Amino acid sequence: MSTDNTATTEHEHHYAHHFKDAFHEFLSTKEGIWLFMVSEIMMFGGLFLGYFIMHAQYPAMFAEGASHLDWRAGSINTLVLIFSSWTMALSIHFIQKGLRNKATMCLITTIICGGIFMYIKYTEYMHKFHEGLFPGHHFSNTEAVAHNIGMYFGFYFGMTGLHGIHVLVGMCLITWILIRHLRGDFNADYFTPVEGVGIFWHIVDLVWIFLFPVLYLIG
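Numbering of the sequence shown is given in my numbering, commencing with residue 767 and proceeding in unit increments.
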């Protein structure tokens, strides 16, 4: 039973017939989410490996490319995502405690943080497009010293763009969770989808924590 003052009615969850019980369903779903996230980590890991191999071959070019990035914007985005991981974790905690209103506010805050992250990334992209800092042979900035600097921005747009898609997917999933939460689908006994989406969001945040220093600081 919820301890917040709310008129929302909780819906009883019935686990699928192929599970022994609700706990078995929870563990199986959580293991499936982690298996999927391992594949996501391997995908980003391949991109990081390629980046470091090319960085070792062209250190001056990568340093010049990194000099065009705004580390302040990257720092703000890092703090925003770290804060969003905290609010996502709190939302799961509040759902388990039956504090509906607090969980609602945390879910909404997490979505807003995702929006802030995407807006800052959009302004970064627009600034680079304006300066002709495109990937590959589309690079058109006339002030660049390294002739192959388009390779750096190929990695930059490829890695941050792929991460941005994951942020958008995460925002959609959290919105879905929020709708179901407001509908009363989750409670202290059933919060499996919230846990799964939370794991996805935390991994997306973790990937950015690695992307930020690699692209903005180390380059």
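Source of the hints: derived by calculation from the structure; they are not laboratory data. Just so it is clear, the structure is predicted and the values come from calculations on it, not from any experiment. Some hints here could point you the wrong way.
Quick list of in silico lysine to aspartate or glutamate cross-link-like pairs, DMTMM-like style, CA-CA up to 20 angstroms [unchecked claim]:
#, residue 1, residue 2
1, Lys894, Glu797
2, Lys868, Glu961
3, Lys863, Glu961
4, Lys796, Glu909
5, Lys894, Glu830
6, Lys868, Glu806
7, Lys863, Asp951
8, Lys868, Glu890
9, Lys887, Asp951
Quick list of the computed label-pair ranges, beta carbon to beta carbon [unchecked claim]:
#, residue 1, residue 2, range
10, Gly798, Pro979, 25 to 33 angstroms
11, Val935, Tyr891, 45 to 53 angstroms
12, Ser805, Met884, 21 to 29 angstroms
13, Glu909, Val935, 16 to 24 angstroms
14, Lys796, Gly927, 36 to 44 angstroms
Here a beta-carbon is modelled for each residue, glycine too, at the ideal position from N, C-alpha and C.
Do the hints match the structure? See the list:
Annotation: proposed proximity of Lys894 to Glu797 is violated, straight-line Cα distance about 40 angstroms (limit 20 angstroms). Straight-line distance between C-alpha atoms of Lys868 and Glu961 comes to about 16 angstroms, which keeps the hinted pair within the 20 angstroms bound. Note on Lys863 and Glu961: the hinted pairing holds, with a Cα-Cα distance of about 14 angstroms set against a maximum of 20 angstroms. As the CA atoms of Lys796 and Glu909 are separated by approximately 50 angstroms, the hinted pair breaks the 20 angstroms bound.
Simply put, Lys894 and Glu830 have alpha-carbon atoms about 14 angstroms apart, close enough for the 20 angstroms limit, and the pair holds. Between Lys868 and Glu806, the direct Cα distance comes to roughly 31 angstroms. Violation of the 20 angstroms bound is thereby established for this hinted pair. The straight-line distance between the Cα atoms of Lys863 and Asp951 is roughly 14 angstroms, inside the 20 angstroms bound, and the hint therefore holds. Of the supplied pair hints, the one linking Lys868 and Glu890 is violated, its CA atoms being roughly 33 angstroms apart against a limit of 20 angstroms.
Restraint check for Lys887 and Asp951: not satisfied, since their Cα atoms lie roughly 34 angstroms apart, outside the 20 angstroms limit. A hinted range of 25 to 33 angstroms for the beta carbons of Gly798 and Pro979 is consistent with their spacing of about 31 angstroms. Evaluation of the 45 to 53 angstroms hint for Val935 and Tyr891 yields a failure: the beta carbon distance comes to about 18 angstroms. One distance hint, 21 to 29 angstroms for the beta-carbon pair Ser805 and Met884, holds here, with the actual separation near 24 angstroms.
The hinted window of 16 to 24 angstroms between Glu909 and Val935 is violated, with their beta carbons roughly 36 angstroms apart. With their beta carbons about 29 angstroms apart, Lys796 and Gly927 fall outside the hinted range of 36 to 44 angstroms.
Hint violations for this structure: numbers 1, 4, 6, 8, 9, 11, 13, 14, all remaining hints satisfied.
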